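S.K.: Residue numbers (my numbering), protein chains in the order written: chain X, -4 to 133; chain R, 363 to 520.
FYI, nobody ran anything at the bench for these hints, they're computed from the structure.
Model, not experiment: these values are computed from the prediction.
What you were told as hints is all true, and nothing was included just to trick you.
Among chain R residues calculated to face chain X with C-beta under 8 Å, some are:
{"hint": "1", "residue": "431"}
{"hint": "2", "residue": "435"}
{"hint": "3", "residue": "503"}
{"hint": "4", "residue": "504"}
For each residue, glycine too, the CB sits at the ideal point set by N, CA and C.
If you want the building blocks of each chain, they are given just below.
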Amino acid sequence: MKTLNKTNVITAVVLLIGGLSPNLASANSARDTIISGFSSVAELPVSAERGKALFESSPAAGKPDTPSCTTCHGASPMTSGMTRAGKPIEPMAVSVTAERFTDLKKVQKWFRRNCKSVLGRECTAQEKGDFLTFMSSR
Amino acid sequence: MFCFQKLLIMTFVSFLLTTSVSIADERYNPIDDVVVSKECGTCHMAFQPQMLPERSWEEIMLRLSDHFGEDASLDSVTANRIKLYLTSNAADSSWWGGKFMRGLKDHMSPLRITETPHWIREHNEEVPSWAWNDPSVKSKASCIACHPRANRGDYDDD
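Chain R with its partners taken away, still in its complex shape (with noise of 0.2 Å):
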């Protein structure tokens, strides 16, 4: 009895910390599968799942083999994996709902976290245009040349 009510206490209160501390912080939960990290984050850094609503990375996990103009494919026991965790931790996962949902419509699933509403905003308002013509900013999606902890799931300002 004693320790039921005390696992019960202990889930209450871990509950609390962990949703508090992802509303509080807005730090994005760095991936912690090392197959996900190893699979998809050779050719770019692996993003958060957050930033993308389930529905895209699916679309995302069945065009493995024509994947923004290269073959990423994988075998399917590895691709189910990946898509599962992609999927249970997209922005639409959680009840209190991500940044990235913000201004997505029903009917949108973007491919690109670039090409998300809440992205755009945050780097029309805040991007010189100039810093995209740095060299070292292959691309939009190389996150890392502007948030050197983009890894770590930090996007805050230094």
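The following block holds chain X by itself, in its conformation from the complex (with noise of 0.2 Å):
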């Protein structure tokens, strides 16, 4: 079950690929290897939307000033955030902010941080790979 999920992933992401800038196209690339990294230590097939329930979710677990993600992201990932000092984040859903989550240590580094302060625990990998997957659907 999971081999074939991943190797449809796999075909879609080449067959994408083609139609594709040379610049997009490795940014996809290393978005998708970035994302097969967590599903491959995930217990469930990642899935578009638990990812949407968890950056929409409010579970005020961690620190008083961040109960969500979106309390920076913003409501929609289509459109820019906001930190708490004033500083705009650029959109988080990959067709509007292409070279989002193409780099493994800026990816962990904000998982991490991020996650202890929305739910005041690291998230796991199934998080991170559903979390990415939505993002990338949008």
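Make the complex out of the two chains shown on their own, each in a separate frame, by following the hints.
M.R.: Shown next as structure tokens:
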């Protein structure tokens, strides 16, 4: 089941790359590698649906000033967010900000910080894979 | 011999130049370390190290996982590099003493530039209270809202 899923993903990516500029193609393959890294150790196949739920939820289990991912990233992945200190954050949706989630170190650093701020703990590989799958579908 | 003298003179002249420029010009040196500008400049403008004493920067770097209500933690290699840059360019790192040391007692190590006596004095006298309620000024720490060239260390009146 899992192998099938991954083959599908890879086929889709290869097909997609064919129609895109070299830059976009390499960004997409870098992102895909990151997502498959998380999904390979996740319990369930990654799901955009669950990623959306995580993004929109308000667990308020972390620090009081940051109840939700949307506190800083804004209610919609398609539009800009803003840090608490007033600096704009580029939209999270990959269709708007093409270079999103293409640098593993950056991705891991911000998951560590932001999950601790919002959830009071680190995110699981499952949650990370879900979140990135959701943002890649937008 | 000749070379040595020339070197000596050049060193002296460049020392004079840099020193007098820092005193005469009210600019704060722009941050010239890419790691510091990147890691400390994502959530807010990267603040110039000349605005807090060494002890404050040390304290800030110790508490990054609880940084003004957020987790801003870094791996220790990066954190140490940044700490070195900030402390060696801090307000009390130069022999003439930075403006931001004015009024700062030995026991005070503010974690905010906006809580230093110098910052408070400059802004209490000159900034009308309505300016702080402008929606584009999200917080006192959004220096750029009022000082468009703050990134370059320029806080002069325009």
